[in-house]
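**Student:** Sequential numbering of the first sequence, starting at 91, is according to my numbering.
Since the hints were made in silico from the structure, they are not lab data.
Positions of the beta carbon are idealized from the N, C-alpha and C atoms, including for glycine.
Among the hints, a few may not be true.
Restraint-style ranges between C-beta atoms, simulated for each label pair [as the list claims (entries may be wrong)]: (1) Arg-166 to Lys-99: 27 to 35 Å; (2) Arg-147 to Phe-93: 27 to 35 Å; (3) Met-91 to Arg-168: 28 to 36 Å; (4) Lys-157 to Gly-120: 27 to 35 Å; (5) Asn-139 to Gln-162: 15 to 23 Å; (6) Leu-92 to Gly-171: 28 to 36 Å; (7) Met-91 to Leu-174: 28 to 36 Å; (8) Arg-136 to Gly-159: 24 to 32 Å; (9) Met-91 to Gln-162: 26 to 34 Å; (10) Ser-102 to Gly-154: 14 to 22 Å; (11) Leu-92 to Phe-173: 29 to 37 Å; (12) Phe-93 to Phe-173: 27 to 35 Å; (13) Arg-136 to Arg-161: 16 to 24 Å; (14) Phe-93 to Gly-153: 14 to 22 Å.
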Amino acid sequence: MLFSERAKKIVSRIPKGSVLTYKEVARLAGNPKASRAVGTIMSNNRDINVPCHRVIRSDGRAGGYNKDGSRQKIARLREEGVFL
DNA sequence: AAAGTGACAATTA
DNA sequence: CTAATTGCCACTT
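Use the sequences and the hints to build the structure in full.
**Tutor:** Laid out in structure tokens, this is it:
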């Protein structure tokens, strides 16, 4: 299985109200140093089954999302009960 | 095969 | 606190 597939699978299982960092996803996917790659995957991934808005940066900030920037991402997370 | 891409991370100033 | 720097990796051209 490709790294990207594993990453998506993991992210798709993030329970509502919690978040993972890109680093964490990378680690769970089997490659602790592929945090960068995780971001790349999310940006190109169009899978609606994957709540990629629940993936944030390890420094606690939101990171990017799509064209709208991180605004929509932050909004979504706040509605799910995540403090940013 | 080599170079380019990007929603990251850790360090330093 | 922000900004710049360097290293990093999967994937695409």
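**Student:** Confirm or reject each hint.
**Tutor:** Each hint, compared with the structure:
1. Arg-166 to Lys-99: 27 to 35 Å: This hint is violated: roughly 20 Å between Cβ atoms.
2. Arg-147 to Phe-93: 27 to 35 Å: violated (19 Å)
3. Met-91 to Arg-168: 28 to 36 Å: holds (33 Å)
4. Lys-157 to Gly-120: 27 to 35 Å: Once the Cβ atoms are compared, 31 Å apart, the range 27 to 35 Å for Gly-120 and Lys-157 holds.
5. Asn-139 to Gln-162: 15 to 23 Å: holds (18 Å)
6. Leu-92 to Gly-171: 28 to 36 Å: Between Leu-92 and Gly-171, where Cβ atoms are some 32 Å apart, the hint holds.
7. Met-91 to Leu-174: 28 to 36 Å: Given range 28 to 36 Å: holds, Cβ gap about 32 Å.
8. Arg-136 to Gly-159: 24 to 32 Å: This hint is violated: roughly 18 Å between Cβ atoms.
9. Met-91 to Gln-162: 26 to 34 Å: Holds, at about 30 Å.
10. Ser-102 to Gly-154: 14 to 22 Å: Since Ser-102 and Gly-154 have Cβ atoms about 19 Å apart, the given range 14 to 22 Å holds.
11. Leu-92 to Phe-173: 29 to 37 Å: Roughly 33 Å apart at Cβ, these two residues keep to the hinted range, so it holds.
12. Phe-93 to Phe-173: 27 to 35 Å: About 30 Å separates the Cβ atoms of Phe-93 and Phe-173, which means 27 to 35 Å holds.
13. Arg-136 to Arg-161: 16 to 24 Å: holds (20 Å)
14. Phe-93 to Gly-153: 14 to 22 Å: Taking Cβ atoms as reference, Phe-93 and Gly-153 lie about 19 Å apart, which means the hint holds.
Against the hints set out earlier in the document, violations occur for numbers 1, 2, 8.
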